[in-house]
Every structure is written in C-alpha cells, then in structure tokens.
Amino acid sequence: MKFRYAMVCSSNQNRSMEAHCLLKKQGFDVSSYGTGTHVKLPGPSLREPNVYEFGTPYKHMFDDLRRKDPELYKRNGILPMLKRNLSVKLAPQRWQDNAADGYFDIVFTFEEKVFDMVLEDLHNRDQVLLKSVLVINLEVKDNHEEAAVGARLALDLCEQIEAVESWEDSVDDILICFENKHRRKLLYSISFY
Amino acid sequence: MVGIMNPVSREKLASLSNSVKFATDLGPKLELCRQLKRDLLEEDAAALSEFLSHIFDLYSDPSGPVRKLATEIIGEIGVKHLEFVPEIAPFLITVLEDATPAVARQSISCSIDLFRHTLEKTAIQGLHSSELDSDLESSWSWMLKLKEKIYSIAFQPGSGGVKLVALKFVEAVILLYTPNPNGSSEPPPNEGTPIEFNISWLHGRHPFLNVGDLSIEASQRLVLLLDQLRFPTVKSLTTSVIVVLINSLSAIAKKRPAYYGRILPVLLSLDPPSFVIKEVHVYGANNALKNALLSCLQCSHPSAAPWRDRLLGALKDMEAGGLAEVALNQVHKVNGSVEDEKDHSSVIKEEKPMTKACDAAGSNVGRKRSGTEDSSGLAETGDVSGKRVRSTPSVSEESTKELNRNTSMSQGDISSAQSTTRKVDVDTGPVQQLVAMFGALVAQGEKAVGSLGILISSISADLLAEVVMANMRNLPPTHSHTDADDELLEDMCIVGSNTQAKYPPSFLVDVVSLSSTFPPIAALLNSQQSVPNEIVKTEVGEEVDVMAGPNSTVAYAGMAHEAENALLPGMEKIDVPTPSDIQDVGNLESGIPGLDSSFHYDGLSDAQAASSLVSTDLEDTSQEQGTSFGGKSPLHVLPSISIERSEELSPKAAVNDSSGVVSSTATSVVSSHPFVLPKMSAPVVNLSDDQKDDVQKLAYIRIIEAYKQIAVAGGSQVRSSLLAYLGVELPSELDLHKLLRDHILSDYINHEGHELTLRVLYRLFGEAEEESDFFSCTTAASAYETFLLAVAETLRDTFPPSDKSLSKLLGEAPCLPKSVLNLLECLCSPGISEKAEESQSGDRVTQGLSTVWSLILLRPPIRDVCLKIALQSAVHHLEEVRMKAIRLVANKLYPLPSISQQIEDFAREMLLSAVNIDAAEITDAEGLIIESHKQDSELEKPSHEHQSVSSTGKDISAIFHQSETSQSGSSPSVPEAQRCMSLYFALCTKKHSLFGQIFIVYSSASKAVKQAIHRHIPILVRTMGLSSDLLEIISDPPTGSENLLMQVLQTLTEGTVPSAELIFTIKKLFDSKLKDVEILVPVLPFLPGDEVLLLFPYLVNLPLDKFQAALTRLLQGSSQSGPVLSPAEVLIAIHGIDPERDGIPLKKVTDACNACFEQRHIFTQQILAKVLNQLVEQIPLPLLFMRTVLQAIGAFPGLVGFIMEILSRLVSKQIWKYPKLWVGFLKCAFLTKPQSFSVLLQLPPPQLENALNRTAALKAPLVAHASQENIRTSLPRSVLAVLGLSPESQPSSQVQTSQAHTGDTNNSEKDAVAEISKESSGAS
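Quick note, the sequences are listed as chains A and B, same order. Numbered according to full-length UniProt numbering, the first sequence terminates at residue 193, and the numbering increases by one at each position without gaps. Numbered according to full-length UniProt numbering, the second sequence terminates at residue 1324, and the numbering increases by one at each position without gaps.
Just so you know, these hints were derived from the structure itself, not from any lab. Just so it is clear, CB atoms sit at the ideal spot from N, CA and C, and this is done for glycine as well. Take these hints with a grain of salt, some might be off.
[Said to hold, decoys possible] Interface residues of chain A toward chain B, partial, derived using beta-carbon atoms under 8 Å:
1. 45
2. 123
3. 143
4. 171
[Said to hold, decoys possible] Some chain B residues flagged as far from chain A (calculated, every beta-carbon gap over 10 Å):
5. 39
6. 456
7. 1209
[Unchecked claim] Computed beta-carbon distance windows for the label pairs:
8. A:162 to B:814: 39 to 49 Å
9. A:98 to B:133: 38 to 48 Å
10. B:817 to A:37: 28 to 38 Å
11. A:60 to B:133: 52 to 62 Å
12. A:97 to B:134: 38 to 48 Å
13. A:57 to B:842: 50 to 60 Å
Please construct the entire structure, taking both the sequences and the accompanying hints into account.
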C-alpha cells in the first residue's frame, strides 16, 4: 500500500470508524479521526447526550453505556457500534491533535463541515514539508446504514487511488470517474504538510 | 572526532550502501535505505563529504521509491550541513527532471527546506558581518538556480502533479521574501533561538540580500501566480491546480495582508462555473474559493477592511451567507466598531445558535416560498402580515435612517483611514502622480489593462494601498455613499421580503441575540413601551413576517423561542402562575408571552382590526421615534423587539381568535406610562438546567391544559401543529413527549388525537431523517418509535376492535418501525409472543388483519412485511384466526397481481412442509432435517430482511410439529396438516391450476395428511366446480393419487349431471392410462346402457363393496334419464360373463350374483322369473344358470312352479349334456321334490338312471311317485324299467355304453355338484 489514509468524521465513531474498519480489513494503511471537540453519543434524550473526551477508550464507553441502559443502546445500535470500534482501535482520536501521527497522503471526510475543518486545520499548520495531501469529502449521512454504504464507496475510491502511480497527476480523472459511477458528488482539495 | 571518520561506522556505512545497491527486492532495499539514512544523519560533515557520492550513486537505482528516498536523504543531509549545498543543489536540479513524479516532488520538497535554511543562514550571517564566506555565497547562488528551475516548473503549462508542489514552493518563497507583519522585526539576540525567520530583520544592511529586491521578486512571482488564475489561462488548468492556487493565494493574502488588495480582486473575479471545463468539479473549485474568501474575511488586518463588503457579497452569492455573518461578527468583535461590544461579546457564544435559527428559518422560507412568490401568496395565513406591511409607509423611511446610522458606523473606519491618507499625500507627491497615472491608464480602457498590471506589480503593496486611499478622495461622495448603500441593500437583505426595508445581517443578528439575552427587560418594557416598540416591529416584522408568512410552522419557531424567553423570568418571579394569577401580577402580565393574552382574550375581536389599530399608532409615532432612536446604541432599541415579536405572534397563535384587545390595552398603557427606559436594570436570573427544565415542563403542561379548554374554538389545524412542534422542539423532550402523549390519549377523538399524533410523528421523523449529526438522528428515531408504539398500543387496548383509528394511524404515519410491526403481528397471530393474550377475541384478529390489508394497499414499501404477517396468521394454529386470515389472503390479497406470486409460494411451501415434515420425521425423529429443509425453502423468499416474521412462524410450526409428533408417533396430526394446507386449498379455489400440486403431493403424503386432504376435498371441489384446469388435472393424474381422484370425481358427480366433457375425460383416462374401472363408477349412471354392459365384467371384478356401490348407481341411474340398466339386464349381464374369456375369477361373478340376490326389493320374484326365462333360452346356457335357479328357489320359494317349467325346458334342451349344469339340475330337482318328480320323469331313461345313480336319495320317493296309478300308466316302459317298476331288464350293452358315455364326465360332474352345494350353502 503506497499511501497513508485518514478517515475523518466528527466523533470518530460511526462513519470514520466504519470506513476505518473496512479499509483495515482490506489491508490499507489507515487511521481515523474526529474533528469535534468532544465525542458525542446519543443519550436517552436529545438533551442528554453521552459526552466523552477524545482518547476515552471505546471499551470504556461500551461498559458505561451498557451499565446505563443496555436495552436502549442496543436498540439504537450504539453498543454494537462501540463493540466494532473497540476491535479496530483503542480510542477515538481527534484530527486536530494528530500532528504526531505523521503525514497522510489521502484524507477522507464524510461531511462538508468536517472537510472544512480539516482543511482549515491543515492550513493553520506550518506547511514546511511541501508534502501534498489530498482531502476528499464524501457526503455520508450519519446513521448506521449510510455509514456502511459510505465506507464501501470510500474503499472503492481508495482502491482507485491506490492503483495509480501518483494521485497528483490523475486525481481529477479518478474522481470524475467515481462520480459518474456512483452518482455521488465529491468535494476535494489539496493541501500540504 | 571532527574530521576523523570513525572506521567502524565508515565500514558499516559502506557495507550498508553496498547492500542497498545490490539488494534486489524493493522492500528490503527500502528498509536498508532507511537504516542508512538514520546512520548517516548521525555522522559529521567530514564523514559525510566522503560519503555523499555514494548516496548520489544510489539515485541511479531504477526503482522510484529508492530514488525518492535517496533524494530525501540527500535533502536532509543538506539541511543539516549547508556546506554541501553547492553539491546537493545541482543534484536536486537533475532530480527535478526525474521521470517519476513522486521523485521530482520529493526534490522540490527538499529544495524548500534547503532554500529556507540557506536563506536564513545567509541573512543572519550578513547581519553580523559585512563579509560572507564564499561557501555560503556559492550555496546561495546555487539555491537561486534551483529556485529558478522550480519556478519554471511552476509556471510552465501542464506537468500535473509536480506543478502542484512547485506552486506551493512559489508560495513558500513569496512568504519568505516578504516581511511578516506579525513576526518579530528584529532578529533574535542569539542565533540559537528557534524563531520564525522574518525578512524584515535585514533592514537593508545585508551585503547582497536587498529587502526591496526580494520584495519585488516576490511581487513579480505573485503576479505570475495571479495571472494563472486570470482568464483565459485559467481555462487550461486542471481543477487540482486551481484548488492549489486558490489555497496558496488565500494563504498569502492572510499571512501578508499587504497583498490583500492584489489577490482579492483576482479571487473575487473568479467564477468557477465559467472556467472549469470538466463541469463535475465546479464545486470543488467553488468550495476552495469559498473557504479562501472566508478565511480572508476573517483577516483582521486594516488593509483587509475595505474588502469586507465585497467579500460578503461574493460569499452571499455563493450561498455561504450564514457563515459570512458569523465571520463578520467576529470581525466586528475584533475591530470594536460596534458600541456595545462588551455586551455583545458576552453573548457571542449564544449568538451562533441563534444565527443558525435565523438561517434555518430564512432558508426554510426561501424554499417554501418559491411557490408563492408575492405577498398575495401570504393570504393563507391571514391578511394580518400583508396588511401591516401595506399600511406602514413610514417603514422604509425609518429603516433607511436606521441603515444610515448603521453604515455610518462602518464608515467611521474609512473616514479615519482617509484622514491618515490625507496626511500622507501632503507629504508624498509621488502618490498623487501615481493616481494620475492610473487615471490616465484606466481612461484608455481595455487596451491598457496590460500596462496597468505591470504598473501595479511594479510598485510595492504599501505604495499601492496609499494610491488607492488617495484616490478615495476623488470619488464623488454621494456616489460612494449610495454605492455602498446599494451594495448593502443588495447583499445584506436576508430574504427577499415584502417590505422594502433591508438590513445588514449583522444588525439583525444583534437584534436577535440581544433580544434573547434580555427577555426580562423585554418583559418589563413591554407594558410601558409597547407603542414605540411598534416601530421596531417593522424591522423584526420583516423577519417575523417572513417566518410566519408562508409557513405557519416556522412562525412557531419564533413562538417557541418567545415562550421560552419570556416565560422564564416571569415564572421565576411568581412561582408558577396559573392563568388567573397573571391578572393579579399587573405589569408583569404582559411580559408573559402573547400566548397567555390570546388565551384570555380569545375570540374577542378579529386580528385585522388589531393590526390596523397598531399600524395607525405606528404611523403617528414612527417619525418621532425614529429620531429619538437615531443616536442611541442598538441596545436601547433591542429589548423591545422581543416583546414585539411576542405581540406579533400572539394573534397568530390563534389565527381566528384575535388579540385585538391586547394591542388596544397596550396602547392605552402607553399613554399612562412615560419612558423610563434608561433607568431599567436587567434582572437577569440565571437558572440552573434543572430549573429550566422544570419551568419549561410546567409551561408545557399549562399549554396542554389550555388546549383542552380551547378545543371548542376551532382552528385546530394550526394549533395542533404548534403543540406538536413545541412538544418536540423543547429540550428534555422525553418528558414532554409523554405529556403530549397523555394528552393525546386522554381523549383521542375529542383532542383530534390522530391529527396531533401525526404532526408529532412527522416532526420527529423529519428530525430523524434530517441531515444532522449522528446522535440527534438516533435519538429522534428512537423517540419516534416510542411515541408511535405507545399511541398504537393504547389505541389497541382502549378502543373497540371495530374502531379504525389504529389502522388509520398506521396508514398515515411517516414510517413504521419494527416494533410497531411486531405489535401488528401479535394482533394478527395471537399467542405469538410470550405474553399470554388468549383473552384476545377474534375481533382483534379481524382488526389486525384489516389493518394489515390496508397497509398492504397503502404502503408499498412495507408490503412484504405486512404480507408476511397476514400469511403467518393464515397458518395459525387456531382455526378461527386461520380462517379469518385465509379469507383475507385468498379473497383480498391474492387477487392483487403484485403479491399473488408471493402468496402462492408461501402456501405451496407450507403445503410441502406438511408433507415433508412427515417424510423427514420418518427418517429423523429429531427433526433436524426439517430445519435445514426450511432454510432451503427460505431461499426463495424475496427478502431476507423480514425473515424474522416468517421464520418465527416456522419455528413455531416446527415446535408444534414436534409436540404433535411426540404424541402421535411419526406423522403430523390431521389438524396440523390442515393448518398447513388450508391456505393452499383456499388459493386453489381462486386458481384451479394450483390444485394439481395437491395431486402430486398426495401420493407421498402420510395418512394424516391424506385424511386432511380428503376432508377438504368435497368443499373445495364443490367451490371450484368443473373447470378446464380441473379437467386437465383429472385427465392426467399422477400415479398414487387415484383415491384422491375418486373423491374428486365423486364430489363432482354428486347431485349433478356431469358434463359431457367430464365423462369424456374420465372415459379417456380409463381407456388410456388408468385401467381401474372404479373411476367410472361415479359417472356410470350417465353412461349409455350398452357401454355399461361392455364394462360390466370390470365392474364385477371390483371388490364386492365397490361393485355393490356401482350396482346401486346403475340401478338408480340419474334423475333425468332413469336407470341405466334394469335389474333384469344386470343379472343377465352378470350371467353373460365368461370367467375364462374375461379373466375374471368365478368367485367374483358368484359374489356379484349374490349381491343382486341380497337386494330382494329390487331383484324381485318377477324379475328373477323374467331373467330365468331369458337365460334359459341362451345357447349355450350360462355357466351359473343352475346356480341362479337354485338361489331363486331359495330366495323365493313361490317360484317353484315357474322353476319346474324351466326345468322341463332344460330337459328338452338336454341339460345332461352340460355336465356342470346337470349337477345343478339334479340338485335343483332334489331340492324341489316332490314337484320336480314330473320333470325328472320326463328325462330319457338313461339320464334318469344317471340321475338316480347320482342322487340315490331321489330314487325311493320318485319310485313311490311313479308307482301311483295315474302316473305309472303315463310313463313309458323304459322309464319304468329304470325305476324298476317293469320286469324287463335293459340290454346290458346299452347300459354299458351309456355308463361309458357318462363315465368320462363323472368326475367333473362330481366336482360341479360339490361346488354348487358349497355355493348354495354360501348363498343361503
């Protein structure tokens, strides 16, 4: 695998983890992040979300929610999701704090807001390496089903990108091809490390 | 250590680099390279200098990754040891040409690092001494060469991926060459301090680095960059290049605000749709541009300020208005241009959500509005808003003033800037000259664009800025003013509203945010200031109208906020005011939002009157008000707005009931209260979350209570929408949901529960479906489910089964989650869940099924699931349930073409399962095979998603089976078989061709299944009647299904005349395939007599009971045509059978005879006589003739006379020639003695003798009889001789011959006698 991939959504729980899980299974060098300030999970009501800090292990969340209301969290799919997540990595990570993780070649975001935040963050870093990074936004609705669809699309796109010598020369073609094939709009930008 | 290479490490490095060279596999090679890199970087300069060439060698490697890594190593060595630059730079230049883009990019990437360090070192060394060492100088010159090379890549057309990095390199160099305004302008005191290099350290005292020159070069490069984005060059670029360019330029603009004025015009004039050829990626570039502009907007540098408006405009065009507003607010905050900045910033956190709310409302309106463009379209919500707008001409005037005041604030900045420029241009003549030069060039128009560009690029940014500023003075003041105004008007109008007033968004944002922050003031002010506030209404009115206008629900948003805002303080002060309390509270009363007021004055007058009242007041006071507000900070104006909103909304809350009184009281209040505004202090009370919850909850309870009372007032549509919205929108919604639910369910019908429920559901559904974050989606979905389920359960439990509410609710709800379907399933198949609901009556099942039916019709997406439920119910173990469901499925659902196949498949599967379970259980008592078989059959189901429904059913049926079988051995019981098959039978009546399957199944079915089938058949066949399909099935029945066929035929012929076709089919079947005459039995009465006679041997051959049945049919015949055969014909036919010829055992024939004789009421004496009469004439005589005679005597002794006649005829027919009959004859004679004596005496003497010899017992009575005088005389002598009554003896020879003659038949005769005697004993 030539490139390093990052999957980014807001809480590093659903969409990015779904994609992370899938790509990891396919042998990609992949990480995942969230751009939010906290990790928010649905609670018993809109007013009472379960809020965790980034870095809180998924296992911890899992145990916490299972203790609180196993029935509810099983029904709305949170517990299964956490279970999946804890098999992928230890804890949710925040994009803005990932400088130590080295540079990525391709960054996938799943929401335009997240896309903008990633770009803004990249622009605010010292761009001294002149190492280009492709940031692609694939709009995915934040629910379990769509996340699964989105992950498959992301995988498809990653395979396309992986297949070329350097994405810088063919990114437009790849993306246009992808858009025509899946009828999904993509947004992309190029930034530098 | 310096200068002396450690021999060990040297050796090690050499071997390492060699092994790299000779490694063949890429993986290990790269790994070695990395190790080499680590080792090398630890080495000192001297060691490296020796070694550098080895690494250059590495670059000759054929594989790209190795070359890339080699380049990286060299680059890092260079950064660490700048003295190698003269060697490394040429190397990097060659690498730039590398065929592999990644390697070339690596070269650029190394170059920028190297360049930065070299520049830094050169600069700093130059600061400290006027002479630079020559090494550094040559390094620097090499770096310049490298830079030029990369420039050429950046600006040459094409070259894709490398170009991206090269452009980035240009950006980096521009940033390096220009002073950083935020950086330190002095170099760090000691060299080691890690501080970002800033070119302004140089201050022009460097030997060969000239700040001015560098700046000019940066400018030129920037121009080149900008040129790329200019038309038409931009058309030839790929999207990725454009994106990089935009990003780079915005970064430069942000970091070097001096260039702002040069970069922004280019960015602003970019119109992505017009230049991106591959249209699909317009939005990619668009997005980059948007982000770039946004980031420029956030720039706080003074030189950015003049661009703000244009940026805003451009962003608005790009539909990023909301973000722009936020950004602008931040700018305002930074610049401190708004007076109330402190207050402002204190609420800035709250501002965001509020702005969002506005945006949401705005966009919502925009969407809804497209249909109803003009104000007349608003009529729907009442004329209120429209009227108000029309009746307040002062509005625009007022607003202009406001606007002026507002713009003057921003102009403040400009004027201060102007004052500085004025100072400047006193000092600097050149600026004025430049202005003149620009003027001349501009006057030349298009053709001067080029030279204008050159001019711009050749002067420094600061100077250019001064020129621009100086030029400001030349602009006509009015023009600039109106220009700005126009722009503001155009750009900042939030929505195309009906009023002409348009407001800067920032102002509106302020308004909204402040009103939300100061509800207490609002509340208190309301009573004293309501009329003056009307002015402000026009401002907020715009917003409120827009929100309230086209879409009433949007208005409720405002309403909701309002209720929230205003209720809080009020409630805090007076515990929990009930409606009556409010009256006592006096002034505060009007602070409790409009809702209350409208509640009180409900229905008193009409809203239009109110608004006209208000507007008159408005006109009167507006003028004065406008001036009095002119000089004040927005803060003073703002509090009133929230009140206004509440007042505005109150009439809307009950559209028909008006709050005219409210406004009129308000006006009267005004007259008695003077202004006390400035003295007001805001009693802000901070509530804890819990308190807020409580307050909101209590408020909601009151609202619900109020709804119960005003239910009679009408207008429920609007109100229930409002209630639903409130219930969902307010936070801590779980409790409110419950309250709302309780309200709905407390009186479902009177509270318009259905409508209200639907509104709540739609709102929740909308929220769940909305493109929002994960957790609110999920929460809303779960709230939706809970709500719907609770209502559905209550409807089920409280309403009579005949009620249609549940069906209606499920039919109209936006979607049905699984739990609701489960509920339905339990309803349709009682006992499916663990909960014992045996009490459920059949009516509930009907209710459930009819609901399912309507769902199938109304909701195609869940048709499959619903169908499963119905089908499940159709194989329910309770017959009552099953029959209901079958009726639904067969009569209503099966005719629907879209699902008929599915129903058919299911029914067939169940049918087969009944048979196969049976088969499987014979082989495997554990029933494991059943499971696997079921899974197989499951495959044909179209969707696996809903498998649960059917599979649960299956499990149940499997369990059922097992319990059944444990009781009754290895086959399912009859009821179980019926359970599985009823549906199929029902379908057969709809589609006769399905019936064939039953025939196929039948042969392999167990006894119980067969029994079940037989039980069904009569009803089934009778319902079906005879169709062509059925005929076809009959014409070719599978082997093994004969019994079934028989039953079908019997049913078909029962009570009716079978059609000719049927008879034909059956006959054909009999002739061709099925030789069993039995199948003909049902139609026998309808066959012609002669055909039947032909068949007769076969009939006789049937088992006795069947023959008897056939006999009955034959004799009864059909109602129309009468008997097919008369009894006499039957008997004759029986006698006509020749056992040998027809291959029928004699026994069968005799049985048949016996059967006839048993029916004495049919086979009467007369008939027998007739038959015998006919038989005796036959030649040869029928085999059984004598036997029948004997039986006739036995049955009817009265026939003796007739029999004697027969016997004598037999004598004349020489009966003795038929040995078998002869025996019978004798027996008969014996039995009928003494009447038979006369017949015996008619026998010729030899036969007589034979007879007497055979039956010795006859002799004595016969002799006695013959001895009578009158008889004796009539007898010939020969006879007498035989009787021994004459002395003459017979010649012995003659006797001998006759003996011999009869002797050979003797044995057989004996047999026959024995046989007959046996027969007769059996018959009697």
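Determine which of the earlier numbered hints do not hold for this structure and return their numbers in increasing order.
-> Hints that this structure does not satisfy do not exist here, as all of them hold.
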